[in-house]
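Hey, can you work out the whole structure from these sequences and the hints?
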Amino acid sequence: MMGFVWLLALVLAVLAGLAWLGRFRAGRLQLVGAVLMIGAAGYAWQGQPGYAGAPQAPDNIQSVDQAGDMLLTLREKMDRNFGPAKSWLITSDGLARAGSHRASAAYLEAGLKENPRSADLWNALGVQMLLIGEGQMSPAAELAFDRARQNNPRHPGPDYFAGLAALTDNRPEDALRYWDRVLADAPAEGEWQPIVAMQREKLGALLTALRSTETRRTEQEQTEQGKGDERQ
Amino acid sequence: MIAEAGLATLWLAAALALLQAFWGLSLAVRRDDGADIARPVRSLAVVQALLVLLAFGLLVWLFLRTDLSVALVVANSHVDKPWLYKFAGAWGNHEGSMLLWVAILAASGALIASFERRLGDRMVAVTLGMQALLGLGFFAFLLFASNPFARLVPVARSGQGLNPLLQDPGLAFHPPTLYLGYVGLSVAFSFAVAALLLREVGPAMARAMRPWVLGAWLFLTLGIAAGSYWAYYELGWGGWWFWDPVENASLLPWLAATALLHSVAVLANRDALRSWTIILSLLAFSMSMLGTFLVRSGILTSVHAFAVDPQRGSFILALLTLYTGGAFILFGLRIGTVRQGKIFAPLSREGGLVLNNILLSVILAIVLFGTLYPLLAEALSGTKLSVGPPYFNAVTVPLALVLVAALMAGPLLRWRRGIGSGFLKKLAAPALVTILVAGWFALMTDAGWMPVAALGLAAGLALASVLPLVGRKLSRTPLAVYGMVIAHLGVAVAIAGMASESAFNREKLTGLEVGESVKFDDWTVKLEAVRPVLGPNWTAIEAELHLSQNGEAPVVMRTQNRTFFTPLNRTSEAAIETKWDGQFYAVLAGADDGDSASSQWRFRFWWKPFVTLIWFGGLLMGLGGAISLFGRLPKGVWRRWLPRRREGYADA
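These protein sequences, in sequence, are chains A and B. Quick note, in this note's numbering, the first sequence goes up one by one and the last residue is 232. Quick note, in this note's numbering, the second sequence goes up one by one and the last residue is 652.
Because the hints were derived from the structure by calculation, they are not lab data. Fair warning: there could be bad hints in the mix.
Unchecked claim - Mimicking EDC-like on lysine to aspartate or glutamate, the simulated pairs with C-alpha atoms at most 20 Å apart in a straight line are:
#, chain 1, residue 1, chain 2, residue 2
1, A, 113, B, 528
2, A, 202, A, 221
3, B, 508, B, 581
4, A, 77, A, 185
5, A, 113, B, 544
6, B, 579, B, 522
Here is the structure:
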């Protein structure tokens, strides 16, 4: 209803302003008032005075959500090298969890200057780019993952996250192929294999169920069409 | 609350515009001076403008606070955008830019109401009435077809962001400067219509109109130059003018405004070219309206195209028809009442300006035809075709060269009486320079005849443009003369830049691996590194190039291919290294075979000699216009600060 309050205040302000500027006789001011009522009627027809605004403040310090945190945790489990790159990763992960993706990426870029062959750092940079792209694989993220592969072809991160990006892009079959490759090359022990294996299994089951539902529906449609042809 | 306040303010402003239009235009049919209405109309114009500016301010506020209950904010902004792009995003869309247009229109009316004292109250009131009538059409368009304050129910979770191509500081300047130009021409239009209605076409009208035309031309010049440079560095195509229909839509009013600003000066000072002035006033704003229609109707797909809604297009087409059709009908009915001004000889300054007007009008017609023909062909036959640089360059450039030659000679002619004894002597030096420079380029380079002629004429024009100052006491020369000199010099500089870039531009497409170098004329370019980088709302592949010339220390250049996510979009960020004699321009075209695992990356390199002269020339033209405009301040203000000046060749 504040919209009407504002409207009334404006009408009065306009009339007062015109009277102050001078050159308006009382009769003409009344005419102005009448015309303003036409404007007010237009607002009353079109406006939504009772609907509150919804400002959104920038939240640069927003922490990553649960899914993002899981991604970072899984990535940590995939890290292979406990050498000098580890200290860069710990700090950058802290920044990323606090929502400072640019600072996290800058930290990783600085780490890569000192350790250009660290597949873990390249992989982490790719993950940061996935997070900022809300799961979409940009060419820059792809380049980061490619660099990780080049420096360590057996690193599971690039293929796992490529699969995740494919899933985000509504390409579940591609996701399954990437994850099969990751699991086929997985070492005997490690913390991440059960998680990825479970994800792969659930996705596979879901796709199978969807295919079977689609097959049954197609068969049903064909049956009904066949019956319709027979009646004719 | 803010959105509702904005909408309420807009409705009240529209209501006042209705009354202002009615009262103002009613004076055209009254036989008395209408003092009882004429003065209140001025007050209405001021208050209406304040309301519209308030509405626009509220819209900007909605964007700055990212109010997701407003549909426009949701569609064109995002909470994580830098504040500059939130601010500029208020007009980086159809509805917001339309509101900016109306705000400038209303503000222009308020300025006329507040400061125009030379014309009678009746003429001013009719002008304000016409201005309000123009505004009324756009108010209706805003309120019924493009409401910037429309609410979204339920509230969105996040905004959709702004077109990444528009997330650039240039966006903050390019549209408002252009709108100041377009809308400034509306004032000339309103003055012209008022003069026709009241049968008062003459020097007084021209003196009132002149600063507005000059201001509009100045802003159009700066806006077009800024837009050209923005396209050059942002789009990554290496070009600075594409004859894109929307670019043409800004060029058309500029061409008309350039002719108009010369005509109105002649009418103001010499009482000649009355009909030319009126028809150019109507034409210039009509071209602005046409541009508005092209950009907002959905007819075109372009980075400039705001709306793709045929209904909105029909609305604007109706406004275009109403305003321009009505104005030209009025012109046809009243042209018989426009008395002939003072007579002049064909070979005189006035005659030169008639030639100037004719050439500009022909170029305008050519550009208009080339712009509209594909649209008409598709509408009538369904055939998609495009008219591009080969047509425009082949047809307009020769005419433009003739115009430059006329520009060299025109200011040296005498008013009214034909050529004087000193004319040929004065013209000899620029003509000689033209021939020598063109001859040198023709003999020493393999450039085509058009760039050679353009370079020669640019050199000649540069000399000719300063000749009006020769023999004068410089401290007592009117500012308007300095403005003319600088603006004409700017034309010469811009043409030199265009011709040089066109004739001597060199390009190389190559593939490089990291660590590999390539030779390109005098330059050696080494690909130092390719890396992924992260920005505020984008990721990018960045290529670091080391550029060196003749063994000098290398300069680092960085070119990027960016991916934005809200909305999803890919852009190319060129790397530009500016030298005194040109620019080296580099663009990362991508990985070989599109595979970033590939070791080879594709680049496009250009060396563009003296390309910066194009925009430097544009700035000079704008500076010349600004100086001329400043020189047109009311004499009372001027006299307080400077010695008494003699009115001289006040052309611009």
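Verification of the hints:
Restraint check for residue 113(A) and residue 528(B): satisfied, since their Cα atoms lie roughly 13 Å apart, inside the 20 Å limit. Our distance criterion of 20 Å between C-alpha atoms is broken by residue 202(A) and residue 221(A), whose separation comes to about 29 Å. Restraint check for residue 508(B) and residue 581(B): satisfied, since their Cα atoms lie roughly 19 Å apart, inside the 20 Å limit. Straight-line distance between C-alpha atoms of residue 77(A) and residue 185(A) comes to about 16 Å, which keeps the hinted pair within the 20 Å bound.
The hinted pair formed by residue 113(A) and residue 544(B) meets the criterion: a straight-line CA distance of about 14 Å does not exceed 20 Å. Between residue 579(B) and residue 522(B) the CA atoms are separated by roughly 13 Å; this keeps the pair inside 20 Å, and the hint holds.
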